[in-house]
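Chains as they are written, first to last, in my numbering: chain H, 1 to 232; chain A, 1 to 232; chain D, 1 to 232; chain Z, 1 to 232.
Misleading hints may appear alongside valid ones.
Since the list gives no way to pick one copy over another, a pair counts as held whenever it fits inside one copy or between any two copies.
[To be verified] List time: in silico BS3-like cross-link candidates among lysine-lysine, alpha-carbon distance up to 30 Å:
| # | residue 1 | residue 2 |
| --- | --- | --- |
| 1 | K73 | K189 |
| 2 | K38 | K218 |
| 3 | K218 | K5 |
| 4 | K110 | K73 |
| 5 | K125 | K110 |
| 6 | K86 | K189 |
No lab work stands behind these hints, which were simulated from the structure alone.
Number of protein chains: 4
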Amino acid sequence: MSSYKLLKQECFEANLQLHTLGLVIYTFGNVSTVDHDKGVFAIKPSGVPYTNLRPDDMVVIDFDNMVVEGALKPSSDTKTHCYLYKNWEHIGGIAHTHAMYSVSWAQAQKDIPIFGTTHADHLTKDIPCTSPMDDDLIVGNYEHNTGVQILDCFTERGLDYQEVEMVLIGNHGPFTWGNNAAKAVYNSKVLETVAQMAYLTIQINPDAPRLKNLLIKKHYDRKHGKNAYYGQ
Amino acid sequence: MSSYKLLKQECFEANLQLHTLGLVIYTFGNVSTVDHDKGVFAIKPSGVPYTNLRPDDMVVIDFDNMVVEGALKPSSDTKTHCYLYKNWEHIGGIAHTHAMYSVSWAQAQKDIPIFGTTHADHLTKDIPCTSPMDDDLIVGNYEHNTGVQILDCFTERGLDYQEVEMVLIGNHGPFTWGNNAAKAVYNSKVLETVAQMAYLTIQINPDAPRLKNLLIKKHYDRKHGKNAYYGQ
Amino acid sequence: MSSYKLLKQECFEANLQLHTLGLVIYTFGNVSTVDHDKGVFAIKPSGVPYTNLRPDDMVVIDFDNMVVEGALKPSSDTKTHCYLYKNWEHIGGIAHTHAMYSVSWAQAQKDIPIFGTTHADHLTKDIPCTSPMDDDLIVGNYEHNTGVQILDCFTERGLDYQEVEMVLIGNHGPFTWGNNAAKAVYNSKVLETVAQMAYLTIQINPDAPRLKNLLIKKHYDRKHGKNAYYGQ
Amino acid sequence: MSSYKLLKQECFEANLQLHTLGLVIYTFGNVSTVDHDKGVFAIKPSGVPYTNLRPDDMVVIDFDNMVVEGALKPSSDTKTHCYLYKNWEHIGGIAHTHAMYSVSWAQAQKDIPIFGTTHADHLTKDIPCTSPMDDDLIVGNYEHNTGVQILDCFTERGLDYQEVEMVLIGNHGPFTWGNNAAKAVYNSKVLETVAQMAYLTIQINPDAPRLKNLLIKKHYDRKHGKNAYYGQ
């Protein structure tokens, strides 16, 4: 029996969840889940519709982007996942979608401003949108360079990937992550929700101000601070 | 057997209804139901997904915010509910959501204008949106102060909580109430519907006028006036 | 057995259809169906949720607005239906909703321009929106006067109620009709669809022109003209 | 047994799929599938609701627009399908809908700009919107001329129908095609998705730039280029 059975099962379930939550149609997205100790991650196979997916279709990849187990070709975005896992040791899962409102902000090339407590319950910063990729990076190792682009964006802006668990790739769409694959998918849904709220907010009031700093801190800390009192 | 069994069951069902009506995802909301005679209310536990909820998970709280019965921690918004129950003796249930259009008006920091009869069938005023909370109140007893903020808003504007059964907390989201928990949930759905209609109205016609006073009065009175003739 | 059994059954099914099509929530709408020979129509009872409705709950009304059969109070909009049936002998059913996009155009106090063939497949005119009712008519026989308002609007604009089977009451919402109750409900769905399309059209292009006259005529005639060739 | 049984079955399933995907209501659309060797195509009958459709209701038509098999009248858009099949030998299926966002761009008389990778994964050009038809063509052989209009548009703009598998007819709606009927339906869904994303993009940022050329090429080529590496 495969020693990656549980990893593949977790990856499979997270991919299905993406579909159930209405975040993907057809093959427009992928989730992976990592085992840092073994140095491998499981990822959705490329171009297979969610409705046809089985646990054993998941492809196991090592940190050199080589297939360790699986009969199918892995997601075309595999190298982006790999680069993030190699550089960010504390994340356990990554999700990528073409969800409607997240993509629309990415296409608009705009950060999503922090307008309210729904946003601040999850992170204290605007959701970053990277610039479109430089030409030499596109013609180079494109999917690897998408990972580089994400890390560069976080470095330039001084963002902490353990707090800001989401990014928009300019003109493309969202990547989200978390301590496991289910959390990465949860963050994709939160991002899509916050993206729609922000869209509606600026339609109602183009001059809507960002949430005040004390409210950002209050809401983030009551869920994530050292004296957090939200949840069980 | 618990002497709060019925109270908890009613609270549980109202919370589920919030989910069924599409007003919440994950744990983004809560409903409570009160027994004024016993001086207690039942409320959703904090951070528990709606899909996992059972009637016995509801937490019973007294008017000093102390847990009377229940193994779980109550909603982080418990003190807001408590404050409203203590001050408004005629309400039987309270609901809080992060529903899309309601939150977007709250983030836009705008009252929802009374544009039509759907609105006037339920209340005769614009739906109030409070200002963002003052800094000293945020760092103080935040959830208690959210209740204070709601009452202050109603006092300043001369609103009657038995007619206007809903409010938007600026940058946060809606609270609604009613003579029981089911009515509070009904009001959350009505608010969300009216919020979407008002959003679309100003997109179609930024100069759309408020509903004329006689039509406001006519529609409100035929459902709620002393000669009401709507319903059975 | 009631001699109105079939009439009530047809009315019941059309009311349920309104709910199934997503055009109403709670009690926000009503359908009636008429028997011109017997001089009566069946209509939804007032304030009863669609999910609780049974065929025998339908109320049978004569053309003097008197209840002929039924234990419940009829829809508060009964007099509007009655006035239309008395004056427009060729209609067999009427529907009223508070559907989202239809209401939003009514609240914006704008006719819905004929922008495309989806509209022209059903009627050749802009969908009329009446002005808000005059004060003396509101304080008078309000629901009866809503019917008067519709007929006056059609007379002033020279519209044919057998071609234009829909109207928006300014600040209120849509009424639609047809040769039977099912067709009235169909028209409510068509109106809602066309209303959403027109809304999106002006968001994309505020200067979008009306459909050219020859295309209006072509599309209307291929479904409804004397040489119609659409359908079986 | 009919020698067109498989053709009709494929056509039937593709028509149902249009409905399942939320791209049509009532009778607002049609799909056909062709057998170039036999010189016939199967198409949805005119004006029959999707919910009533059976495989044997599909109508088989030859390239002179004559019915070869079938008891029902074919879609009123049959001549458009026929013209495309006669002129474009490499397409196997065609779909026509009145889907919400696709129609709204058509009514706005605007091409859909290529704003992101979701679009570029499928084609490298803006999605073309034809001008409204000239008067003499409308009063002539209208549905045939709709086909002429599509081909003229592709010729004028130098578009390749094997790459750009979709078009908007100004003021009307979308036609899509592909190497079989299922692919044509897939393209209708992709078009509707891209149309909604582009709509939201210009609402968020009216000055949103088109996707840069290298990213267009990169995304198109990784799915469709000679070194494509997307999919299995």
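Checked hints:
no.: 1; hint: K73 <-> K189; in the structure: both (27 Å within a copy, 25 Å between copies)
no.: 2; hint: K38 <-> K218; in the structure: neither (39 Å within a copy, 33 Å between copies)
no.: 3; hint: K218 <-> K5; in the structure: neither (41 Å within a copy, 34 Å between copies)
no.: 4; hint: K110 <-> K73; in the structure: neither (33 Å within a copy, 39 Å between copies)
no.: 5; hint: K125 <-> K110; in the structure: both (14 Å within a copy, 23 Å between copies)
no.: 6; hint: K86 <-> K189; in the structure: within (25 Å within a copy, 36 Å between copies)
In this structure, the earlier hints numbered 2, 3 and 4 are contradicted, and the remaining ones agree with it.
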